Amino acid sequence: MGKFAPIRMKGNYPMMPTPYTQQTTSAANAEYVPRTIVRHVYGLPSSWLRQLGRPDQIEPHPRDPGKTIALYHRRRVEAFIDARQPAYLHMLIRRAKQHRRHTAENCRQVYNLIAWARTVEIVVATLPRTMAQLERETTASFLLNCAGQNGDRFVLTPKAMVAHVRHTCTNYHQLLDRLQCSPGATVAYLILKRRVNRTVRERMQRQYGAVPAEVAR
Numbered sequence: 056m057g058k059f060a061p062i063r064m065k066g067n068y069p070m071m072p073t074p075y076t077q078q079t080t081s082a083a084n085a086e087y088v089p090r091t092i093v094r095h096v097y098g099l100p101s102s103w104l105r106q107l108g109r110p111d112q113i114e115p116h117p118r119d120p121g122k123t124i125a126l127y128h129r130r131r132v133e134a135f136i137d138a139r140q141p142a143y144l145h146m147l148i149r150r151a152k153q154h155r156r157h158t159a160e161n162c163r164q165v166y167n168l169i170a171w172a173r174t175v176e177i178v179v180a181t182l183p184r185t186m187a188q189l190e191r192e193t194t195a196s197f198l199l200n201c202a203g204q205n206g207d208r209f210v211l212t213p214k215a216m217v218a219h220v221r222h223t224c225t226n227y228h229q230l231l232d233r234l235q236c237s238p239g240a241t242v243a244y245l246i247l248k249r250r251v252n253r254t255v256r257e258r259m260q261r262q263y264g265a266v267p268a269e270v271a272r
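In this note's numbering, the protein residues as written are 56 to 272.
These aren't lab readings, by the way, just hints derived from the structure by calculation.
Hints may contain errors.
Ranges between beta-carbon positions, derived for each pair [as the list claims (entries may be wrong)]:
| id | residue 1 | residue 2 | range |
| --- | --- | --- | --- |
| 1 | R149 | N226 | 16 to 26 Å |
| 2 | T181 | T212 | 16 to 26 Å |
| 3 | Q140 | A170 | 18 to 28 Å |
| 4 | C162 | A142 | 50 to 60 Å |
| 5 | R155 | Y244 | 19 to 29 Å |
| 6 | S101 | R130 | 13 to 23 Å |
| 7 | R208 | S101 | 26 to 36 Å |
| 8 | S101 | D137 | 12 to 22 Å |
| 9 | H154 | A265 | 52 to 62 Å |
| 10 | D137 | Y244 | 47 to 57 Å |
| 11 | R261 | T194 | 22 to 32 Å |
| 12 | T91 | T174 | 24 to 34 Å |
| 13 | T174 | R109 | 53 to 63 Å |
| 14 | N226 | R261 | 41 to 51 Å |
Owing to the predicted nature of the structure, the values given are computational and were not obtained by experimental measurement.
The beta carbon of each residue, even a glycine, is placed where N, CA and C say it ideally should be.
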């Protein structure tokens, strides 16, 4: 039976899988692939690219006229790999193991960062003496810092007051500095923000005796 055996359908109509259109020899010999394919499909790291040598062609980038694209003869790339097959497979296996270790390390870092965000001390400094003073400071701060960013349409809300305290009377910014370039930073940021807001609301409740309903949510 041939490579593409017919598949019988209802009504006795045979359906033949469509084979891949065979390239001519000249087309196959002239096939070039960009460096991105050599790196990400064939998996050649920079050290192997140096051994492979210079690109076979340099052409203008099809989508960015100001840049060029490096092209490698596909057959040369595969012949290069075939000549180093044991070392090539060893390199791929070693890199896969490194990736697994790196992924596991990232997971550990994410877990630790989230645990830290859930337990780190939230410090709230002295608040304005009265709610009215906090309202004035919040309005002035937003009009100053949000100019051009809807600051001209600012409406004082309880949430705005909590945000003002979060940015000016807590260690929130110092805590955020710990998150730069860390795996899991976005999740940790959301946890920190929620915890700081809750701590600020509790402080407002103690100091002012009541918290507006919108803040309490």
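Verification of the supplied hints:
no. : hint                    : result
1   : R149 x N226: 16 to 26 Å : violated (44 Å)
2   : T181 x T212: 16 to 26 Å : holds (23 Å)
3   : Q140 x A170: 18 to 28 Å : violated (45 Å)
4   : C162 x A142: 50 to 60 Å : violated (31 Å)
5   : R155 x Y244: 19 to 29 Å : holds (27 Å)
6   : S101 x R130: 13 to 23 Å : holds (22 Å)
7   : R208 x S101: 26 to 36 Å : violated (52 Å)
8   : S101 x D137: 12 to 22 Å : holds (20 Å)
9   : H154 x A265: 52 to 62 Å : holds (55 Å)
10  : D137 x Y244: 47 to 57 Å : holds (49 Å)
11  : R261 x T194: 22 to 32 Å : holds (23 Å)
12  : T91 x T174: 24 to 34 Å  : violated (43 Å)
13  : T174 x R109: 53 to 63 Å : holds (55 Å)
14  : N226 x R261: 41 to 51 Å : violated (18 Å)
The structure is inconsistent with the numbered hints 1, 3, 4, 7, 12 and 14, although it conforms to all the rest.
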